[in-house]
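Sequence lines, in order, name chains R and X.
The working numbering puts the first residue of the first sequence at 1, with every later residue one more than the last.
The working numbering puts the first residue of the second sequence at 1, with every later residue one more than the last.
Treat the hints loosely; a few may be bogus.
Identical copies go unnamed one by one, so any copy, or any two together, can satisfy a pair.
Unchecked claim - No farther apart than 25 angstroms at their CA atoms in a straight line, the calculated lysine to any residue pairs in the SDA-like style are these:
1. K40 to S55
2. K40 to E113
3. K40 to D153
4. K40 to R72
5. K40 to E146
6. K40 to R117
7. K40 to Q123
8. K40 to L138
9. K40 to Y126
10. K40 to A144
Quick caveat, the hints were computed from the structure, so don't treat them as lab data.
Residues per chain are reported as follows:
Number of protein chains: 2
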Amino acid sequence: MAAAPPGSPQDRSRFMREALRLASESARAGGGPFGAVVVKGGEIIARGANRVTASRDPTAHAEIEAIREACRVLDSFQLDGCDVYSSTEPCPMCMGALYWARPERVFYASGREVAARAGFDDQFIYDELARPVGERRLETRPLAIEGSGEEFDAWAEYEGRVEY
Amino acid sequence: MAAAPPGSPQDRSRFMREALRLASESARAGGGPFGAVVVKGGEIIARGANRVTASRDPTAHAEIEAIREACRVLDSFQLDGCDVYSSTEPCPMCMGALYWARPERVFYASGREVAARAGFDDQFIYDELARPVGERRLETRPLAIEGSGEEFDAWAEYEGRVEY
């Protein structure tokens, strides 16, 4: 499964300790208790902590913050050759973001059940996404109108498009 | 299922047309062919289009952009009483973001299979998230270290915490 040598256990513990330090620091400041770091070439290149309530931004999870910061550092929308360390198992939003960012590996210290016990919706959202769209608690519905789908033709026709 | 009166079919078509217009506009400018709007009280309060390659930010999907903008407008991390219209079924990242933002309803014009045919990973990511963590294509692993979980104690102890 793993390809490149992924760093020593000591390195990994050090990176995870930093993610946990960010999480505790956030919690002590009233933010969500979550932290994450992005590592490349044996160095931490980006850090993130939960900023949902502070920034009034529901997307400002630690992993999203760290991914965005790492992409700024790398000037790229891909985390080639990077590892991501998160204090807690990423929620579906963050796991989705990680798939789009395509790092090499993702590590997490506590599982989603620990977040659930603390009152966070991570497990609930995983369960919801596993249901058919029409059976979810958040009402989600197809609404096709004339012209739906034409935007994909425009995309296919644009010669300078960058795939991602 | 629905509670409050959700607007006329004409209104809904108008909002979706705007999401599709944003999607086509993005595609013609070389961005991903995706658009979204957030509606509150019968008015569009925020718009988003895909900015992944333009912003070099893998999280800059149309829905994420629209959610963040709407939260700025409302000065809130929750989309109370809002509907979200997306040109395509939201990917797991965006669907997760919607669950955290808690709008009333989500509408989409094209399903995930249309995005898949155009070469996007939406369906792949849904399939991946349905697998156990250890069986995914993106290597994702627990790495518990001493002190893991203490950040949740700090969160529980902080009296001024804002739940989300």
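Each hint, compared with the structure:
1. K40 to S55: between (27 angstroms within a copy, 21 angstroms between copies)
2. K40 to E113: So K40 and E113 fail the 25 angstroms test inside a copy (29 angstroms) and across (34 angstroms) alike.
3. K40 to D153: neither (37 angstroms within a copy, 30 angstroms between copies)
4. K40 to R72: within (14 angstroms within a copy, 33 angstroms between copies)
5. K40 to E146: between (46 angstroms within a copy, 24 angstroms between copies)
6. K40 to R117: neither (32 angstroms within a copy, 33 angstroms between copies)
7. K40 to Q123: neither (29 angstroms within a copy, 28 angstroms between copies)
8. K40 to L138: between (38 angstroms within a copy, 16 angstroms between copies)
9. K40 to Y126: neither (29 angstroms within a copy, 27 angstroms between copies)
10. K40 to A144: Between. Shortest inter-copy distance 21 angstroms satisfies the 25 angstroms Cα cut-off; intra-copy 43 angstroms does not.
Checked against the numbered hints above, the structure breaks hints 2, 3, 6, 7 and 9 and satisfies the rest.
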